[in-house]
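Asks: Each chain, letter by letter, is given below.
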Amino acid sequence: MQINPMEQFRVEPILPLHIAGYDVSFTNQALVMCVVVAAISIFMVIASTSRKLVPGRMQSMAELSYEFVGNMIHSAAGEEGLKFFPLVFTIFFFVLFANVVGLIPGVFTVTSQIAVTFALAMLVILTVLVTGFARHGFGFLKLFVPKAPFVLLLLLVPIEVISFLTRPISLSVRLFANMLAGHTMLKVFAGFVIALGGAGGILSVLSIAPMLLIIAITALEMLVALLQAYVFAILTCIYLSEALHLHDHH
Amino acid sequence: MSVEAAKMIGAGLACIALVGAGAGIGNVFGSYLQGALRNPGAAAGQTTNLLLGFALCEATGLFGLVIALLILFAF
Numbered sequence: 001m002q003i004n005p006m007e008q009f010r011v012e013p014i015l016p017l018h019i020a021g022y023d024v025s026f027t028n029q030a031l032v033m034c035v036v037v038a039a040i041s042i043f044m045v046i047a048s049t050s051r052k053l054v055p056g057r058m059q060s061m062a063e064l065s066y067e068f069v070g071n072m073i074h075s076a077a078g079e080e081g082l083k084f085f086p087l088v089f090t091i092f093f094f095v096l097f098a099n100v101v102g103l104i105p106g107v108f109t110v111t112s113q114i115a116v117t118f119a120l121a122m123l124v125i126l127t128v129l130v131t132g133f134a135r136h137g138f139g140f141l142k143l144f145v146p147k148a149p150f151v152l153l154l155l156l157v158p159i160e161v162i163s164f165l166t167r168p169i170s171l172s173v174r175l176f177a178n179m180l181a182g183h184t185m186l187k188v189f190a191g192f193v194i195a196l197g198g199a200g201g202i203l204s205v206l207s208i209a210p211m212l213l214i215i216a217i218t219a220l221e222m223l224v225a226l227l228q229a230y231v232f233a234i235l236t237c238i239y240l241s242e243a244l245h246l247h248d249h250h
Numbered sequence: 001m002s003v004e005a006a007k008m009i010g011a012g013l014a015c016i017a018l019v020g021a022g023a024g025i026g027n028v029f030g031s032y033l034q035g036a037l038r039n040p041g042a043a044a045g046q047t048t049n050l051l052l053g054f055a056l057c058e059a060t061g062l063f064g065l066v067i068a069l070l071i072l073f074a075f
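Going down the list, the sequences are from chains G and A.
Residue 81 in the numbering used here is what sits at position 81 of the first sequence, and the numbering runs on without skipping anything.
Residue 67 in the numbering used here is what sits at position 67 of the second sequence, and the numbering runs on without skipping anything.
Treat the hints with caution; some may be incorrect.
Said to hold, decoys possible - Residues on chain G that point at chain A, a partial pick, calculated with CB under 8 angstroms:
| id | residue |
| --- | --- |
| 1 | V157 |
| 2 | R174 |
| 3 | A177 |
| 4 | V231 |
Claimed, not checked - List of simulated lysine to any residue pairs, SDA-like, C-alpha gap at most 20 angstroms:
| id | chain 1 | residue 1 | chain 2 | residue 2 |
| --- | --- | --- | --- | --- |
| 5 | A | K7 | G | P5 |
| 6 | G | K83 | G | Y66 |
| 7 | G | K142 | G | R167 |
| 8 | G | K187 | G | A216 |
| 9 | G | K187 | A | T48 |
| 10 | A | K7 | G | N4 |
| 11 | G | K83 | G | Y230 |
| 12 | G | K142 | G | L155 |
| 13 | G | K187 | A | L69 |
| 14 | G | K83 | G | E67 |
| 15 | G | K187 | G | A199 |
| 16 | G | K187 | A | G45 |
| 17 | G | K187 | G | P5 |
| 18 | A | K7 | G | M6 |
| 19 | G | K187 | A | L72 |
| 20 | G | K142 | G | V157 |
| 21 | G | K187 | G | T218 |
| 22 | G | K83 | G | G132 |
| 23 | G | K187 | G | E67 |
| 24 | G | K187 | G | V107 |
| 25 | G | K187 | A | A68 |
| 26 | G | K147 | G | L123 |
| 27 | G | K147 | G | E242 |
| 28 | G | K83 | G | L123 |
In short, the hints are calculated from the structure, not lab data.
Please read all numbers here as calculations on a predicted model, not as lab measurements.
Here a beta-carbon is modelled for each residue, glycine too, at the ideal position from N, C-alpha and C.
Kindly generate the complete structure, drawing on both the sequences and the hints.
Replies: This is the structure:
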């Protein structure tokens, strides 16, 4: 019995819809994204409706996550970076919930689509560009000119420009590839379980080994889900910090 | 050699990128542990840098995976 580990990443339309020649169907991806946004909203609304001086469980979780993101922005981008709290908080929680919801067996993983992660990354980079130019005018271009002797600048300026231009790619590909690789690996090991289980005799008993491995990998994927959301958010903070303070922050 | 076979070999070769990512991630965590054991007081303040170094390092290896996927599915 053959299973295709890439099958799970197929975007299927649920409500087919075509407007002016464009395919704008409501897909399983859109459905999961709606679920993710609804889950975050419900969590935050429930946590903040009955506010008390001594917080209960839900309120504690909301306050902890607020402080976590707040500290992250403050340490990476300083006091001024807190203006971007809503952006960073939204991105962090969207990516986190999308990653974790995707770990539920059978649920489509939104962040395993390059379209989604690249859109998020472009949102961040465009915010950085707009902030940088609005704040420093064309002085923002000094970001590409570090303090160095002129001969070295000939080498450094192209490197800085290229590293800036590859940021949206590296930011989106990191998240997308991590999710893709993790979920593919889970499906490949699931294929081992099915193949061994169907083989009969002693081999069927042996199929418990890849099964245990899947459980361990799922735990690892849980860590990766959290870590990648954190990395995405902290890199957003660092890029924003560069737009706000150019190179003279540290 | 058929194009199909060349694709498979190319995708396999693209996975060599993981050599660098593995060495890099090992270096990141090894250096962190070395520093943390010498000065445990400063260790907690550097976890952000640790995770950042890990993420930047890992991305280079993942580019190899993307190239492999492009070879297999895009061409």
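Asks: Each of the hints needs a verdict: does it hold here or not?
Replies: Each hint tested on the structure:
About 21 angstroms separates the beta-carbon of V157/G from the nearest beta-carbon of chain A, more than 8 angstroms, and the hint is not met. Here the hint on R174/G is kept, as its CB sits about 5 angstroms from the closest CB of chain A, short of 8 angstroms. Among the interface hints, the one on A177/G holds; its C-beta lies about 4 angstroms from the nearest C-beta in chain A, closer than the 8 angstroms criterion. Restraint check, V231/G versus chain A: the minimum CB separation of about 4 angstroms is within 8 angstroms; hint holds.
With a C-alpha separation of about 19 angstroms, the suggested pair K7/A and P5/G falls inside the 20 angstroms cut-off, and the hint holds. A C-alpha spacing of about 14 angstroms is found between K83/G and Y66/G, which places the hinted pair at or below 20 angstroms, so the restraint holds. Distance restraint check for K142/G and R167/G: the Cα-Cα separation of roughly 18 angstroms lies within the 20 angstroms cut-off, and the hinted pair is therefore satisfied. A distance of roughly 14 angstroms separates the Cα atoms of K187/G and A216/G; the hinted pair therefore holds under the 20 angstroms criterion.
Distance hint between K187/G and T48/A is unfulfilled; the C-alpha atoms sit about 32 angstroms from each other, more than 20 angstroms. Distance check on the hinted pair: K7/A and N4/G sit about 18 angstroms apart at the alpha-carbon level, within 20 angstroms; holds. Restraint check for K83/G and Y230/G: satisfied, since their Cα atoms lie roughly 19 angstroms apart, inside the 20 angstroms limit. Restraint check for K142/G and L155/G: satisfied, since their Cα atoms lie roughly 15 angstroms apart, inside the 20 angstroms limit.
For a cut-off of 20 angstroms, the pair hint linking K187/G to L69/A stands: about 17 angstroms separates their Cα positions. Our distance criterion of 20 angstroms between C-alpha atoms is met by K83/G and E67/G, whose separation comes to about 15 angstroms. Proximity of K187/G to A199/G is assessed by CA-CA distance (about 18 angstroms); at most 20 angstroms being required, the pair is judged to hold. At most 20 angstroms may separate the alpha-carbon atoms for a hinted pair to count; K187/G and G45/A exceed this at roughly 38 angstroms.
Proximity of K187/G to P5/G is assessed by CA-CA distance (about 5 angstroms); at most 20 angstroms being required, the pair is judged to hold. Taken as a hint, the K7/A and M6/G pair is honoured in the structure, with Cα atoms around 17 angstroms apart against an allowance of 20 angstroms. For a cut-off of 20 angstroms, the pair hint linking K187/G to L72/A stands: about 18 angstroms separates their Cα positions. A distance of roughly 10 angstroms separates the Cα atoms of K142/G and V157/G; the hinted pair therefore holds under the 20 angstroms criterion.
This hinted pair checks out: K187/G and T218/G have alpha carbons roughly 11 angstroms apart, not beyond 20 angstroms. Between K83/G and G132/G, the direct Cα distance comes to roughly 14 angstroms. Compliance with the 20 angstroms bound is thereby established for this hinted pair. Under the criterion of a C-alpha separation no larger than 20 angstroms, the hint pairing K187/G with E67/G is inconsistent with the structure, at around 36 angstroms. Proposed proximity of K187/G and V107/G is supported: the alpha carbons are some 13 angstroms apart, at most 20 angstroms.
Simply put, K187/G and A68/A have alpha-carbon atoms about 18 angstroms apart, close enough for the 20 angstroms limit, and the pair holds. With a C-alpha separation of about 29 angstroms, the suggested pair K147/G and L123/G falls outside the 20 angstroms cut-off, and the hint is violated. Proposed proximity of K147/G and E242/G is supported: the alpha carbons are some 15 angstroms apart, at most 20 angstroms. Note on K83/G and L123/G: the hinted pairing holds, with a Cα-Cα distance of about 16 angstroms set against a maximum of 20 angstroms.
Of the hints listed earlier, those the structure fails to meet are numbers 1, 9, 16, 23 and 26, in rising order.
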